[in-house]
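A.B. asks: Spelled out from the first residue to the last, the chains are:
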Amino acid sequence: AQKITQTQPGMFVQEKEAVTLDCTYDTSDPSYGLFWYKQPSSGEMIFLIYQGSYDQQNATEGRYSLNFQKARKSANLVISASQLGDSAMYFCAMRVEGYQKVTFGTGTKLQVIP
Amino acid sequence: EAGVAQSPRYKIIEKRQSVAFWCNPISGHATLYWYQQILGQGPKLLIQFQNNGVVDDSQLPKDRFSAERLKGVDSTLKIQPAKLEDSAVYLCASSLAGGSSRSGNTIYFGEGSWLTVV
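Residue numbers (my numbering), protein chains in the order written: chain E, 1 to 114; chain Z, 1 to 118.
No lab work stands behind these hints: they were computed from the structure. There's no promise every hint is true.
What the hints assert, rightly or not - Computed cross-link-like contacts, EDC-like style, restricted to lysine to aspartate or glutamate with a CA-CA straight-line distance of at most 16 Å:
#	chain 1	residue 1	chain 2	residue 2
1	E	K101	Z	D56
2	E	K101	Z	D57
3	E	K73	E	D29
Generate coordinates for the entire structure from the input sequences, incorporating the hints supplied.
C.D. replies: What follows is the structure, encoded as structure tokens:
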């Protein structure tokens, strides 16, 4: 069974500072993908970044980067230069290859302070 | 490229009434998902289709929820009769058939259908 754990229910960050949102996962399958999604108050789930288990480098997408530590089974999201529009819920998710179900964590609510 | 379309955006019904949600996935996406997200929680998969076949419906309350994807494209999710605890956002999502690549695995969501049962 796959499991995603997000231990931070809420986080605050000062505008223009960097913030790290934690995510750990559990799977015995060697091939999997990890995702981060942003969910603003409007409700839409917005795809941010993807990391494959065999990818050699950590994924980056603009101000988002994924700190992937395979041995520790962690996939933390780093947001650089936080903006007020980054205030939202952030979900970590995992999909195991061949087993198409995607498992989500419980989310972290990020609030950016001016 | 058009995203995942869902309707209605908002719905308020009384308990024991019925409701239906519609979803049109991204063109070419074989896999379609319905998730239920209760306020303050992560999304929970209700049902997953691969083309018009069901891949996973283990968490679908089949006594009151039903879903179909008859032609392998758009899908409807129905609740009958609704209960107070069904109040949630119903998220439809789609992806390519799968695989190990980002493009194959990434799931794209619609804006969601907000249901309030009173």
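A.B. asks: For each hint, tell me whether it holds in the structure or not.
C.D. replies: So, going through the hints one by one against the coordinates:
Taking the CA atoms of K101(E) and D56(Z), the gap is near 8 Å; set against the 16 Å cutoff, the hint holds. Simply put, K101(E) and D57(Z) have alpha-carbon atoms about 10 Å apart, close enough for the 16 Å limit, and the pair holds. Taken as a hint, the K73(E) and D29(E) pair is honoured in the structure, with Cα atoms around 12 Å apart against an allowance of 16 Å.
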